[in-house]
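Using the sequences provided together with the hints, build the complete structure.
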Amino acid sequence: MTTQGQRRFERVLAGLFDELADARTPDYLEAAIERASSRPQRPAWTYPKRWLPMDISARAVPTVPLPWRQLGVLMLIIILLAATIAVYVGSQLRRLPEPFGPAGNGVIALAKDGDIFVADRPGGGLRPLVAGPEFDQEPMFSPDGTKLAFMRGIDDRLSESVLMVADADGTNIVQVTPDSLKGGWKWSFAPGGRSVMGVARIDGENRVVLFPVDPGAAATVLDIRLPASGMAIEAPGFRPTNPQEILVVAQLVPDGPPGLYVYDLGTGGLRTIVERADTDHFSFGNVAWLPDGEHIMYSGRIVAADGSGDQALDALEGDQQSPVSNDGTRIVAGSMVVPIDGEGKHVDLACGSGTNIECAEPWIWSPDDSILIGHPYVETSTYLVADPDTGEVTELDWVDVGTPAWQRVAR
Amino acid sequence: MDQDGLVERARRGDRQAFAELVRASGARLDATARLILRDPDLAQDAVQETLIRAWRGLPGLRDPATFDHWLHSLVAHACIDLGRKRRRRVIEVELTPIHDAPTLDGAGLIADRDQLDRVLARLEPEARAVVVLHFYLDLPLPRVADMLGIPIGTAKSRLHRSLGAMRSALAIEEVASAPRAALGGPVG
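Taken in order, these protein sequences are the chains called A and B.
Sequential numbering of the first sequence, starting at 2, is according to the numbering used here.
Sequential numbering of the second sequence, starting at 121, is according to the numbering used here.
Derived by calculation from the structure, the hints in this document are not laboratory data.
Be careful, since some hints might not be right.
[To be verified] With beta-carbon atoms standing in for the labels, derived distance ranges:
#1 Arg122(A) x Gly133(B): 43 to 53 angstroms
#2 Gly193(A) x Ala241(B): 46 to 56 angstroms
#3 Ile155(A) x Ala241(B): 52 to 62 angstroms
[Said to hold, decoys possible] To be clear about the criterion: a stretch of chain B counts as covered by chain A if any three or more of its residues have a C-beta under 8 angstroms from a C-beta of chain A, and this derived list gives those stretches:
#4 141-152
#5 280-287
No residue lacks a Cβ here, since even glycine has one placed at the ideal position from N, Cα and C.
See the structure below:
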């Protein structure tokens, strides 16, 4: 079926659903309301369990005094060995980019028909990277560009998936999350690519889980109380300048208001960034560190990492998706590229009303900030490439390749 | 009173406010449950379960503006739970995609809603939930994924495979009823 045919099919489908649903207030509704509201309301929910069950063991905080002298000698030997190896093969090692800030443009990873492909440029030909009978999707590069994570379906209906991590060239694939932890989501790499963090439902509760990429290493479930509703969950984020600190939207007390906090992996302490106890009408959305690691964006606002200077961004509306450029100076708001401080040139992207190109959101910045890729969530819509400096937009030939992931490389 | 005010009152245990909220959403809840479960009796059970979960869980809902989405998420989960329980009684039909049927391109294949009804019944409840939330409630896929607590890629693959199966099944039905084809004619 052609893409145009698919679009027509889906449009007609929506109309047919309305007909088929034949929505009318059911006869049983009043009785159902009566039965439901005759029960006591739940006063609170609790989080009694802290660690992953089954085949994952908890990582305990070491409390035994360490043999510093022996460790020192060992470290010295390791350093000497490393220095020798570095001298021997140093010229052959690939330079790595800084995990945050502008970088060089590497390959673009895409998922199509259950395999992972790469392209050298937007709209370029696809080369298989991870192919086989398994159903793989959602590729994601580590910030240093050395690792590639993706989700792999583990049942024949692909309803559940686990997280896999490979080297950036598709080799050395390892399963990071166990089969028992189904449906983990909102994954992100630690800056060095040595661990991944995401949200999973454990014993019916949303929890932040941290998995080392090394096979066999223990996973940790962080002692953070997340909102119960999936809709209120924001992806936890490693602080660019200190990966021991994790930005998270949490609830400190059951049924309490959600707030924006920084969790310290070393101490387990929470630092308050923003609490909005003044109103129940506020929800946190579009939460992310800015690349400088000193500021945080949330719900169309920016606040310093110490909680000061909380202010609205005029160009943004609440939870609107607003990807930030790698140099932290620009954001894409709708179909417009605007300076994050509001000062300077605004660039309209040439799509949407007044053009014959349908906009595709959200946009993804290239590592060097010179290109934007618009990727549609609807499989039959068209992928776009845009110049953030001129606003020129071009349609790409890619069809249904999921969310692109752009590799960062050294410049 | 506006919906936010009603949610506030319901959270504090006001049954009348809860009833008003549910009456406004009742038709859509029931329709959603019927679409996902394909059984009016089970749909009634799912709506009942949804209302119980909603009433009990209302104190934990912090943002009144999300009440509708929250309710839809509850009904989708209730349907999936009930659908799983009765799955062993469902006759599974394996659908093989048709890739080379040049006359089967486009929406004109959809004869009527009865065809859609039959085809929808062959999907798993988890897949039907994604399809119904996306196409009937018109929710964007990222929102559907969040509501069901699944990765966006999983939601996409469920939708993709469901649409493929539906296109194929509709095409098969169309071929099977060839002499009386063109029930709907080209649409869109």
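Going through the earlier hints one by one, which of them does the structure break, listed in rising order?
1, 3
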